[in-house]
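K.L.:
Take a look at the letters that make up each chain.
Number of protein chains: 2
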Amino acid sequence: MRMSKLFTKTRKEAPKDEESKNAQLLIRAGYIHKEMAGVYDFLPLGYKALHKIISIIRDEMNAIGGVEMQMSALQNKSLWEATDRWDDEKVDVWFKTELQVGGELGLGFTHEEPFTAMMKQYISSYKDLPVLAYQFQRKFRNEVRAKSGIMRTREFIMKDLYSFASSQQEHEKIYEEVASSYTRIFDALGIGDVTYKTFASGGVFAKYSHEFQTVTEVGEDIIYIDDEKGLAINEEVFTDEVLEDLGVDKASLRKEKASEVGNIFSLGTRFSEPLVLYFSDESGNKKPVIMGSYGIGPARLLGVMVELFSDDKGIVLPKNVAPYDLQLLSLGKDEESKELYLALQDAGFDVLFDDRDEQAGAKLKDADLMGMPYRVVVSEKAQSAGGYELTERSSGERLILDRQELINYLKKAYEKV
Amino acid sequence: MRMSKLFTKTRKEAPKDEESKNAQLLIRAGYIHKEMAGVYDFLPLGYKALHKIISIIRDEMNAIGGVEMQMSALQNKSLWEATDRWDDEKVDVWFKTELQVGGELGLGFTHEEPFTAMMKQYISSYKDLPVLAYQFQRKFRNEVRAKSGIMRTREFIMKDLYSFASSQQEHEKIYEEVASSYTRIFDALGIGDVTYKTFASGGVFAKYSHEFQTVTEVGEDIIYIDDEKGLAINEEVFTDEVLEDLGVDKASLRKEKASEVGNIFSLGTRFSEPLVLYFSDESGNKKPVIMGSYGIGPARLLGVMVELFSDDKGIVLPKNVAPYDLQLLSLGKDEESKELYLALQDAGFDVLFDDRDEQAGAKLKDADLMGMPYRVVVSEKAQSAGGYELTERSSGERLILDRQELINYLKKAYEKV
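Taken in sequence, the protein lines are chains A and B. If you read the first sequence in my numbering, its first letter stands for residue 1, the second for the next number, and so on. If you read the second sequence in my numbering, its first letter stands for residue 1, the second for the next number, and so on.
Please note that the accuracy of each hint is not assured.
One copy or two, either will do: identical chains are not told apart, so a pair holds if it fits within one copy or between any two.
Claimed, not checked - With a straight-line cut-off of 20 Å between C-alpha atoms, the simulated EDC-like cross-links for lysine to aspartate or glutamate are:
(1) K5 - D281
(2) K90 - D325
(3) K48 - E339
(4) K77 - E98
(5) K96 - E339
(6) K5 - E177
(7) K139 - E104
(8) K147 - E273
(9) K197 - E217
(10) K52 - E68
(11) K287 - E172
(12) K139 - D402
(13) K127 - D357
(14) K5 - E60
(15) K229 - D84
(16) K77 - D41
(17) K5 - E68
(18) K139 - D41
(19) K12 - E282
(20) K139 - D245
(21) K5 - D59
Worth flagging that the hints you see were computed from the coordinates, not collected in a lab.
Produce the entire structure from the sequences given, and follow the hints as far as they go.
P.N.:
This is the structure we're talking about:
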């Protein structure tokens, strides 16, 4: 992509009402645009990064047998009345609207009800189970206070997986498989070492649910980490009873602020009973389906990653999430740069080419702010030194390489060899 | 994909309230689920088909220099007040909702306003133009009558491209490029020969807009086609004056029902003036940006395709839109089928494998209903005849092929050689 064709520009200052580092940097770098408080647009760079995260999550969902689909955002009141989640006294984040022809609708803040109701068409026997269905879908939450930039917004894409099982044992197997897939996702995104499977309140049907909490100063939750056991406990269930139950010693815990990047819930028959999703077991007895739900917010993940992977110059995204493999800067060497741009593309790289008519200083600053993993400079100075200047954004390490060396280096870095 | 893992099932009957052929077949084949009147969920098969259409559109938008991004669905009232499109008297399809913290919001039924307002951050000089930005985004329309199955719904994914130009001449060049890309899209989907670039009312800033209308009995529009000139005129502008203007002879026209599968609009300064999107020209004069907007609804396209490409047995989708390359049926030959399933996957095919414990008749019927381009049967009968039975869904042509012949045949069909 030539930057002369990319319409976004970097900004020196973020909007004054934007307090969080993630939104400040993402707005300044041209990744997102603030539509209003708690509502952001994803500009081309942000859209690409978000979809790389989505793609990593999708691969893991498919690997554990998840089948992708997509529900509507508009919600049928009657389904939510059946589970007693329509009333604003019971659920305080609904956005509601009305049909011109009459009748109230909701905007989905989650999708247990429609998934359960839809499955009545398809699940009738134990032979139909288990089922794992998931979607990447836009959720709407009427938050009283939208804060933390793109980490808590009123509209966002969510990956939500729902599992349907014939027994508690079958459910627990799925639950553990999803938990493992979540660990692989957070590892792949480079936040695995600061993300903890955290015990949280379980609701009616399970003693605990599990959250995946990433330690960060802007986190809204407080967790207590047991480093040795590699687990954590959410403040909301941090009682002596729970500590004893988990066999954790209070003295060995570390208190941290953290952000919930994923959650997994055992739902039991909370939804299948009121919505009458039953199946016949091997003896022909009718039983309610055992369900689970499992969420990850890709935009929150991008926000958390920017909080963790940035410095005073800008964003420092990892190779599998950065919108482009590298940023190529022409410093007064347009012909040579153009040639290298084509050669790098031919070699399979997704290149952001700064072909703008700008000062060297501005181009270098922008590259640091925008945070691609590598910067390649074509300049008189680099040419005299024997080639092109490659700088790794994360380490700052610089190398002078000729064209073939550069391509080989990048191929190795991107495991294209 | 093993059908034993795909949770959907075919249905003998569509819901009674579903009048349109497209929704009836798509529901019966397990592509979609009706959430409520005018609101459908995309089940795994429908989601895959929809995304193949999206992918074809995306490639063409990128090819003409479009940059992909994604706006929010929630809309800021003040932007729409500025263009006088907030009032329900002016726009009769709004869904509106309210923030808990106070204030009305809309759900986007289109996105001219937020695109125009956002571009103020990035467009200030003629050097920043032209810009082509697009999205695949969920639109909400509070239709009084939702009908025609998935062809007119209250919530749907739309591809909307917006162009920003410094002059009418620059705009017209883009307008023609988008028109050509639309023609390529409809050709690729196999509906090019019954889709006409149609003159429709232009609004304030252009004499005409253009719709792409596909001839189908369920179409909501009436168009008059000039076969020789390869154009059509929408009934809404079908006057003697327009006929004369276009140099068309009334006697040579053919009247047809048609469905609007795409539209392209010259917006002039309709949005840039009220929202103050101005740029400095080469002489430093401030001028409003000249805009265009260009829509395609992928779900409506899928609906139109099912209307056109189906028979009394079911759906007959083309190779580039069908969810799977072929459906493999084991008729009492589970081991041989499994082996062939793996071999076909190894050869690069996306296979729907009917490994269910069902009667031969049911499997054959389901394959016809679900409409993959090819059906491969593993049976005693086919084996005695020398291999596997391949049937092309569209022609009904049958061949007996051994494994290597089958793979070669499919590779040729899918241009994988």
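K.L.:
Under the constraints set out in the numbered hints, which ones does this structure not fulfil?
P.N.:
2, 3, 5, 8, 12, 15, 19, 20
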